[in-house]
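Kindly generate the complete structure, drawing on both the sequences and the hints.
Residues per chain are reported as follows:
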Amino acid sequence: MKLSINGREYDVGADAETPLLYVLRDELALNGAKFGCGLGQCGACTVMVDGEAVFSCVTPLLLLEGKKITTVEGLGTVDNPGPMQSAFIEEQAAQCGYCIAGVMMRAQALLQKNPDASDADIRSTLQPNLCRCGTHMRILRAVRRAADMMKSKQAASAADGSVR
Amino acid sequence: MTAPALCIDRRGVLAGTGALIVSYSSIGRALAQQAPESAPPAAPPPPPKLPGSLKDSPFLDSWIRVDADGGITVFTGKAELGQGIKTALLQIAAEQLDVKFEALKIVAADTSLTPNEGYTAGSHSMQDSGTAILHAAAQVRAILIAQAAQRLGLPPEQLSTAHGFVIAGDGRNLGYGELVGDQLLHAQAQPQSPLKDPSTFKVMGKPVQRVDIPVKVTGGKAYVQDFRPAGMVHARVVRPPSYGARLVGIDTSGVEKMPGVQKVLRDGNFLAVVAEREFQAVKAMRALAAAARWQETANLPNQADLASVIAGLPSQDITIVDNRQPSVNAAKRLEATYTRPYQSHGSIGPSCAVARAEDSGVTVWTHTQGVFPDRQAIAQMLKLPPEQVRCIQVEGSGCYGHNGADDAAADAALIARAVPGKPVRVQWMREQEHGWEPFGPAMVTKVSAALDDNGMIADWDYGVWSNTHSMRPGAAGALLAAQHMEEPFPVPAPKPIPMPEGGGDRNSIPIYRLPSARVISHFLPAMPLRVSALRSLGAYMNVFTIESFMDELAATSGADPVGFRLKHLDDKRARDVVTLAAARFGWPSFPKQPGCGRGFAFARYKNLAAYCAIAAEVAVEHETGRARLVRAVAAVDAGQVVNPDGLVNQVEGAIVQSASWTLYESVSFDDARITSIDWSSYPILRFDAVPDSIDVHIIDKPGLPFLGSGETGQGPVAAAIANAIADATGYRFRDLPLSKQRIKAAIGV
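The listed protein sequences derive, respectively, from chains C and L.
Position one of the first sequence corresponds to residue 1 (the working numbering), numbered consecutively onward.
Position one of the second sequence corresponds to residue 1 (the working numbering), numbered consecutively onward.
Hints are computed from structural coordinates only; laboratory data are not their basis.
What you were told as hints is all true, and nothing was included just to trick you.
Selected chain C positions facing chain L (Cβ under 8 Å, derived; list incomplete): (1) L30; (2) F35; (3) T71; (4) G76; (5) P81; (6) F88; (7) C96; (8) G97; (9) Y98; (10) I100; (11) R132; (12) G134; (13) R138.
Straight line, CA to CA, 27 Å or less: simulated DSS-like cross-link-like pairs of lysine-lysine: (14) L/K100 with L/K202; (15) L/K221 with C/K68; (16) L/K221 with C/K2.
To list a few chain L residues with every Cβ distance to chain C over 10 Å, as calculated: (17) N299; (18) P496; (19) D571; (20) R584; (21) Q741; (22) K744.
No experiment lies behind these values; they were computed from the predicted model shown.
Beta carbons are placed, not taken as given, at the ideal position from N, Cα and C, and that holds for glycine.
In structure tokens form, the structure reads like this:
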């Protein structure tokens with residue numbers, strides 16, 4: 001079946017019942033989404049599907065035909081990181097980092113829907129994602145920084161548009 | 001992600017240890033070691049004590065390698081666990097070598113390439129590896145200067161170094177790569193090093209962004225879970241349903257016919273399946289589990305009565321302090337008992353390993369904390385000489401001690417042997433990590449103390465009941481796979497970790513001035529549940545007890561908790577962190593308000609590593625009993641700081657993690673099985689409970705030794721929270737966790 005991931009179309013051979021996580025990791029070598037529990041309890045596997053944060057470990061392929069999937073690889077690269085990634089680097093918001101890609105994807109989904117998310121919105125939105133190293137304070141700062149970066153980027157491009 | 005492409009094999013280089021020591025005559029006075037002239041010829045003087053891990057790996061090129069092209073590689077036997085050790089070690093090397101931080105590479109924890117530094121544990125990495133690299137880098141720089149002096153015909157004093165070059169006053173310069181001749185750096189380290197003056201530091205002591213973070217936030221290959229060598233197959237293990245369960249029957253024929261299944265492996269009570277694709281392996285694992293019939297024994301203790309079970313186990317009693325005075329001026333005496341349940345490491349990523357077996361031996365990629373001890377155990381399990389097993393550490397999810405990492409490595413090695421030539425990836429499932437990891441041991445402490453007429457502690461009597469806090473490998477019997485094989489290896493006899501570091505008794509000796517004191521460690525050899533090292537070992541419980549009880553004593557004598565501590569504290573560095581944390585928290589001016597309390601606690605980790613004081617504000621919901629850490633202020637003295645932001649990150653993490661242990665966490669079990677097997681049956685702190693603010697203040701001590709800091713916060717946080725809850729509610733809670741059920745039952749709404 002065909003999957004749309006990070007703006008590219010992929011033909012995947014796995015059975016339709018296979019959770020998306022295994023296809024991302026094993027067939028497409030996309031490392032961002034992590035196996036944490038396989039139960040939708042920890043959020044390490046979080047990706048975006050049509051702009052919504054989704055647990056890829058409990059989402060079978062058959063639910064994903066025709067939908068747009070975004071993983072952390074879709075937010076930028078190590079040489080050209082996107083705002084969410086830059087914010088996490090600037091805030092040094094990782095220890096082991098295993099949970100971080102999932103956290104970033106849930107935060108990204110929030111900020112795409114609500115660029116003016118409050119600190120309380122960010123905290124309540126991240127409730128499904130666990131971090132065991134205790135990096136929470138930095139994660140919250142990084143998401144706040146990402147929100148500010150995205151807004152100023154948007155403002156800059158809007159300003160560019162008016163000049164043209 | 002492949003093994004680092006390095007052409008040297010250190011075993012070959014070091015084969016002739018002793019015979020290859022190069023002459024040192026050209027190095028300069030700063031490094032020269034005076035041989036004692038009166039040494040009797042029959043008994044050569046003992047080798048001088050070398051700093052840090054140079055003691056065990058004294059050759060400079062074990063730590064620093066300079067290639068002819070000027071490329072420099074730093075080697076460490078310590079593993080990156082997400083604590084930022086690679087970055088800090090590179091900062092040290094860059095500073096002392098006078099090269100750019102970005103110009104250095106680092107190779108960590110590989111039995112074929114790096115020094116053997118045992119485990120990456122006990123907050124030892126900076127003290128052991130950091131100190132070794134500090135001195136090795138300084139000595140390498142001196143050797144390079146001496147070499148340049150010879151070539152240029154100038155005295156070394158007229159040469160300086162910058163950016164990987166030795167520079168002469170006349171404008172001539174020589175790159176480090178041009179200076180390293182054959183074996184130049186294969187030299188024994190000396191006890192003294194020409195270390196840089198800390199006031200000139202450009203890299204050490206400055207916040208440097210961690211080298212491992214960019215790849216982690218962009219989906220790069222960062223973890224052993226991301227390792228995919230060509231031809232890799234996927235395995236899953238079916239673990240017994242409970243400790244000691246025996247496999248009494250299984251028909252594997254159905255599973256063998258499942259799509260993608262390449263192998264079903266049974267070796268005694270060890271069951272595994274190998275499949276072409278990962279989800280095929282998962283499905284086959286489930287089918288295999290359903291087909292297995294096990295005989296279980298109900299031999300777990302009664303969880304409802306755990307504290308008396310623990311305190312009632314046969315013990316080996318070790319008196320670690322005994323200077324009790326017969327005549328004590330005791331105006332008042334207080335006694336209390338504190339308890340701690342079994343607690344989980346709870347790594348977010350279940351353990352994983354990749355192994356490949358070939359005729360020449362077995363290679364294992366593992367997130368172990370100790371490649372060398374793990375190699376020894378796996379080699380013993382496979383009945384191979386250790387030289388035929390190579391363990392390469394690749395990061396995994398944070399471990400916080402001895403989780404399933406070594407067991408997964410053993411699983412992979414055992415399965416790989418059954419499918420030779422194929423790299424086998426073993427990924428544990430969530431319930432396997434929660435159910436089979438070795439837990440932090442349940443503990444009981446009892447303390448009795450007397451106050452004199454002046455409100456000073458006149459007598460202290462303390463006992464701690466605990467299992468060992470290290471069942472780490474080294475012996476095959478420490479590995480689950482080896483325990484479950486047809487010809488099993490026996491679980492090694494548990495041993496107490498001796499003081500001053502201690503295991504269950506770590507930090508059981510108060511750092512306070514006590515005119516009369518006794519401390520007894522009741523070591524419990526019988527282990528009803530599988531246990532081993534969890535971050536800070538017994539220090540978490542002992543500091544929780546001592547620092548809770550200090551507040552109980554302060555309250556009895558009508559003293560302020562901070563002032564009461566200071567009255568009993570002589571160590572200036574201890575006093576400084578206590579004073580700083582209290583000041584930055586606003587301790588004296590904290591407003592008393594309903595449902596809110598302040599708490600203070602302090603410890604010096606192991607009484608020999610970093611100092612840490614915590615002031616906490618906790619809110620308690622009257623209706624539910626739910627306690628939340630609202631604000632925490634920490635003051636830390638970790639000696640010379642290398643990466644201040646890395647240290648702050650570690651302490652912030654310790655505060656949140658310890659708050660989670662303290663408020664929520666307890667392993668549950670019935671009479672046979674562990675029943676806390678996922679995040680709903682073993683809840684941990686989530687974002688709704690994250691504090692409003694955490695402030696970490698560092699007292700830097702340039703030029704002083706590194707003091708391990710990765711675990712220093714665990715104990716003080718627990719006691720600061722308990723003390724704040726007592727302040728908020730008027731009730732003293734002595735049984736961990738300080739759960740909302742317990743608080744609600746006490747405050748009785």
